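Q: In order, the protein sequences belong to chains A and B.
Okay, so the first sequence: first residue is -3 according to the numbering used here, each after it adds one.
Okay, so the second sequence: first residue is -3 according to the numbering used here, each after it adds one.
Calculated from the structure, these hints are not laboratory results.
Please note that the accuracy of each hint is not assured.
[Said to hold, decoys possible] Okay, derived cross-link-like pairs now, DMTMM-like style, lysine to aspartate or glutamate, Cα gap no bigger than 25 Å in a straight line:
{"id": "1", "chain 1": "A", "residue 1": "Lys20", "chain 2": "B", "residue 2": "Glu115"}
{"id": "2", "chain 1": "B", "residue 1": "Lys41", "chain 2": "B", "residue 2": "Asp170"}
{"id": "3", "chain 1": "B", "residue 1": "Lys17", "chain 2": "A", "residue 2": "Glu327"}
{"id": "4", "chain 1": "B", "residue 1": "Lys217", "chain 2": "B", "residue 2": "Glu103"}
{"id": "5", "chain 1": "A", "residue 1": "Lys267", "chain 2": "A", "residue 2": "Glu327"}
{"id": "6", "chain 1": "B", "residue 1": "Lys87", "chain 2": "A", "residue 2": "Glu137"}
{"id": "7", "chain 1": "B", "residue 1": "Lys186", "chain 2": "B", "residue 2": "Asp353"}
{"id": "8", "chain 1": "A", "residue 1": "Lys41", "chain 2": "B", "residue 2": "Glu52"}
{"id": "9", "chain 1": "A", "residue 1": "Lys87", "chain 2": "B", "residue 2": "Glu103"}
{"id": "10", "chain 1": "B", "residue 1": "Lys17", "chain 2": "B", "residue 2": "Asp44"}
{"id": "11", "chain 1": "A", "residue 1": "Lys45", "chain 2": "B", "residue 2": "Glu115"}
{"id": "12", "chain 1": "A", "residue 1": "Lys110", "chain 2": "A", "residue 2": "Asp194"}
{"id": "13", "chain 1": "A", "residue 1": "Lys41", "chain 2": "B", "residue 2": "Asp170"}
{"id": "14", "chain 1": "A", "residue 1": "Lys55", "chain 2": "B", "residue 2": "Glu82"}
{"id": "15", "chain 1": "A", "residue 1": "Lys394", "chain 2": "A", "residue 2": "Glu360"}
{"id": "16", "chain 1": "B", "residue 1": "Lys216", "chain 2": "B", "residue 2": "Glu115"}
{"id": "17", "chain 1": "A", "residue 1": "Lys217", "chain 2": "A", "residue 2": "Glu115"}
{"id": "18", "chain 1": "B", "residue 1": "Lys59", "chain 2": "A", "residue 2": "Glu28"}
{"id": "19", "chain 1": "A", "residue 1": "Lys186", "chain 2": "A", "residue 2": "Glu49"}
{"id": "20", "chain 1": "B", "residue 1": "Lys87", "chain 2": "A", "residue 2": "Glu28"}
{"id": "21", "chain 1": "B", "residue 1": "Lys41", "chain 2": "A", "residue 2": "Asp11"}
{"id": "22", "chain 1": "A", "residue 1": "Lys87", "chain 2": "A", "residue 2": "Asp44"}
{"id": "23", "chain 1": "B", "residue 1": "Lys55", "chain 2": "A", "residue 2": "Glu83"}
{"id": "24", "chain 1": "A", "residue 1": "Lys55", "chain 2": "B", "residue 2": "Glu13"}
{"id": "25", "chain 1": "B", "residue 1": "Lys17", "chain 2": "B", "residue 2": "Glu230"}
Keep in mind the model is a prediction, meaning the values are calculated, not measured.
There are 2 protein chains.
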Amino acid sequence: MGIVVQKFGGSSVADAERLLKVCKHIIKEHNEGNNVAVVVSAQGKTTDKLISEEREITKNPNKREHDTLVSVGEQITISKLAMTLEELGYKAISLTGWQVPIVTTNEHGNAKIKYINNEKILDLFNKGYIVIIAGFQGVSEELDITTFGRGGSDTTAVAVAASLKADKCEIFTDVDGVFSSDPRIVKNVKKIDNICYDEMLELSSMGAKVLHNRCVEIGKKYNLPIIVKSTFEESSRGTIVDNNYMENITISGVTKDTNVARITVMGLENKIGRTYNVFKLLADNNINVDVIVQSFGENVNKNLSFSIKTSDLESAVKLLNDNIENIGAREIRYFDNLSKISIIGIGIANKTGVAADMFEALYENDINMHLISTSEIKISVLVDREESDRAVRAIHQKFFNN
Amino acid sequence: MGIVVQKFGGSSVADAERLLKVCKHIIKEHNEGNNVAVVVSAQGKTTDKLISEEREITKNPNKREHDTLVSVGEQITISKLAMTLEELGYKAISLTGWQVPIVTTNEHGNAKIKYINNEKILDLFNKGYIVIIAGFQGVSEELDITTFGRGGSDTTAVAVAASLKADKCEIFTDVDGVFSSDPRIVKNVKKIDNICYDEMLELSSMGAKVLHNRCVEIGKKYNLPIIVKSTFEESSRGTIVDNNYMENITISGVTKDTNVARITVMGLENKIGRTYNVFKLLADNNINVDVIVQSFGENVNKNLSFSIKTSDLESAVKLLNDNIENIGAREIRYFDNLSKISIIGIGIANKTGVAADMFEALYENDINMHLISTSEIKISVLVDREESDRAVRAIHQKFFNN
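Just need the whole structure built from these sequences, with the hints factored in.
A: Structure below.
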């Protein structure tokens, strides 16, 4: 008898009618003889509504109370889904985060899972129940309710699946899987059938909104197959995230991230430790630096360029200017008109010609590259933001012929 | 340092503005140097809304899931109220039923409190917190969420107060206390300043909607003063429910219950055990019988009349007719056009003249009495339902001169 974990997001469980559709997927696995655990998010706009009511009270809510408040969203969904399954004649039971329990750190709003006690779930499986678990929430060792932040329900699902040594974890969503690019930019995006964890991690962090990094990391750690598929398309086979990828190199996707700004520290003294000082200052103030390019030359001074998130730009520029003498620079320049375009694929860095193909696509379309960085599975370039959609289309055309 | 428990109902906590008003009462007790525990209900129509959503799924919800669903109402209120107090600069913390914990039987929808572990509350008091507790809910020993049914938040408040050996338990409501009759019937109702537990129990069960019986019973058992007062009238002194009543007899109130039907079992054989058989049959089918009158006579047969709730009438009549041969009766008659009018007051039964005054008021107004029953602190009569408001006014006039 296999164990399957399924996760349904907020729009998949938005109302009574959709809950019925969700039940079809659950019952299918149940009737195939599997033990099924189901993880759900809050219905539709429930969480947004609670947060807007909270704002009427305070702009700066106590974090523990905030978690107690927003966690009711998933509690509503689990009880409704269990009732729906019972109404259809199946034995189902709901568990909140603390009932499982999913034990977390006490970092309210961004709690990390310490461990999951799976005894209760296994006991309920033995009694023939379909077990419905609230996503996004856990309980600290002090018995406070905690929540996980963005992508939290995916994280619950994969963590529960890992804890149960499930055969698979299915993440149901609005779309049919993970795509080779953003369908709002590229017309004929290609659904990815298989992708490995590392590629998925790059896709997630590059702005493909399908799976949250935390859940992919857990899947990778426990080598748990994660399947992303559509709630509403019956025939959806989705995208399988696992480590059974082919040996030969494939480009999985082309991504765009517009939340990119560039800072150039001009006239930095050419002394040992100067570069380190700049990045230490930024790190001490929780500003993450992404792509870095340093000009080398014969000169006494050098220029240091790097990209950061647009949202960090203002504080970073102020920080550098406040410390300009200390870091030994002449001037801080910045640009907030860039996007980062990346291609993701296993072994990219080892294959000659992939980078050349990417750059050729941009060259053929007269698109200038500002900064370039590469990793084992990714090549990124910064381009002018106004050119970014054209850049994505040109590169996608190059690798996918559409 | 004293301990005070305050309870605020659904309309008192309906929105952000009202939560601020509620805080005034809490802060007043806190600033007087008391440890304050606050029990709250779900906001306004929250529970009704959840139940109507539930009905879209099923007419017959699983009771455990129903409790998990509706318990979110109070969880929303506790977190919002704690945030509101924090926003005002006070240390406050919320506790759900399971976080306290309030441990109950597992009768979902009508759970009884087994015990309250007050360690956490006392620890939080020691750390200077105002403690906000979800009403209406607890947790079974199997860690399932349970709820208490009607009047559940009052019960939580009085039980928490008893467990903490609080100096008082204040039940805040829309009105200024407990009144001598229903203001919709009698113009010049009198607010009761002091009332004892037994009288309050009779008033509650007679349809005065202020306090639920369960909470009055707990108050009586632990001799805990309960104060019913208005959330919105600052000067409200309310009604004190305790055992410090005066020795002399006072009529506390006049009540009306329209949920009354009468059944007459005609031609019952005059044999030992016949009456018992009728009531055993009803009791076995969970039908409560209230006032009973049996005609005695020289005849072979007798008639047995009794009152029951209107809501039980249909099933009771069917039950009796189905078993008419077995119980040895000729015919079952029933009337669903009665109301029960009661006067409540300590020592009524021992004081000559009280019953006479009541009957005189009815006689003077040409109101016919169908059945009469008396107890230590109550005299009830059944009258035609269409006469019932007139009856209440006549009796109230007699005893309160208005």
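Q: Take the hints in turn and mark each one as holding or not.
A: Okay, the hints, checked on the actual structure:
1. In summary, the hint linking Lys20/A to Glu115/B is not supported, as the alpha carbons are separated by about 46 Å, beyond the 25 Å threshold.
2. For a cut-off of 25 Å, the pair hint linking Lys41/B to Asp170/B stands: about 15 Å separates their Cα positions.
3. A distance of roughly 55 Å separates the Cα atoms of Lys17/B and Glu327/A; the hinted pair therefore is violated under the 25 Å criterion.
4. Distance check on the hinted pair: Lys217/B and Glu103/B sit about 22 Å apart at the alpha-carbon level, within 25 Å; holds.
5. Taking the CA atoms of Lys267/A and Glu327/A, the gap is near 17 Å; set against the 25 Å cutoff, the hint holds.
6. Distance check on the hinted pair: Lys87/B and Glu137/A sit about 21 Å apart at the alpha-carbon level, within 25 Å; holds.
7. Using a Cα cut-off of 25 Å, the hinted pair Lys186/B and Asp353/B holds, with the two alpha carbons roughly 19 Å apart.
8. In summary, the hint linking Lys41/A to Glu52/B is supported, as the alpha carbons are separated by about 18 Å, within the 25 Å threshold.
9. Only pairs whose Cα atoms come within 25 Å are accepted, and Lys87/A paired with Glu103/B is accepted, the gap being roughly 19 Å.
10. At most 25 Å may separate the alpha-carbon atoms for a hinted pair to count; Lys17/B and Asp44/B meet this at roughly 24 Å.
11. A C-alpha spacing of about 35 Å is found between Lys45/A and Glu115/B, which places the hinted pair above 25 Å, so the restraint is violated.
12. Of the pairs offered as hints, the one joining Lys110/A and Asp194/A holds, with about 23 Å between alpha carbons and a cut-off of 25 Å not exceeded.
13. A C-alpha spacing of about 32 Å is found between Lys41/A and Asp170/B, which places the hinted pair above 25 Å, so the restraint is violated.
14. Of the pairs offered as hints, the one joining Lys55/A and Glu82/B holds, with about 12 Å between alpha carbons and a cut-off of 25 Å not exceeded.
15. Note on Lys394/A and Glu360/A: the hinted pairing holds, with a Cα-Cα distance of about 11 Å set against a maximum of 25 Å.
16. Between Lys216/B and Glu115/B the alpha-carbon distance is near 24 Å, which keeps this suggested pair within the 25 Å criterion.
17. Straight-line distance between C-alpha atoms of Lys217/A and Glu115/A comes to about 22 Å, which keeps the hinted pair within the 25 Å bound.
18. In summary, the hint linking Lys59/B to Glu28/A is not supported, as the alpha carbons are separated by about 28 Å, beyond the 25 Å threshold.
19. The suggested pairing of Lys186/A with Glu49/A is violated, with an alpha-carbon distance near 41 Å, which exceeds 25 Å.
20. Our distance criterion of 25 Å between C-alpha atoms is broken by Lys87/B and Glu28/A, whose separation comes to about 53 Å.
21. Pair hint Lys41/B plus Asp11/A holds up; C-alpha atoms about 19 Å apart against a cutoff of 25 Å.
22. A C-alpha spacing of about 31 Å is found between Lys87/A and Asp44/A, which places the hinted pair above 25 Å, so the restraint is violated.
23. Using a Cα cut-off of 25 Å, the hinted pair Lys55/B and Glu83/A holds, with the two alpha carbons roughly 9 Å apart.
24. Proximity of Lys55/A to Glu13/B is assessed by CA-CA distance (about 15 Å); at most 25 Å being required, the pair is judged to hold.
25. With a C-alpha separation of about 10 Å, the suggested pairing of Lys17/B with Glu230/B holds against the 25 Å cut-off.
Of the hints listed earlier, those the structure fails to meet are numbers 1, 3, 11, 13, 18, 19, 20, 22, in rising order.
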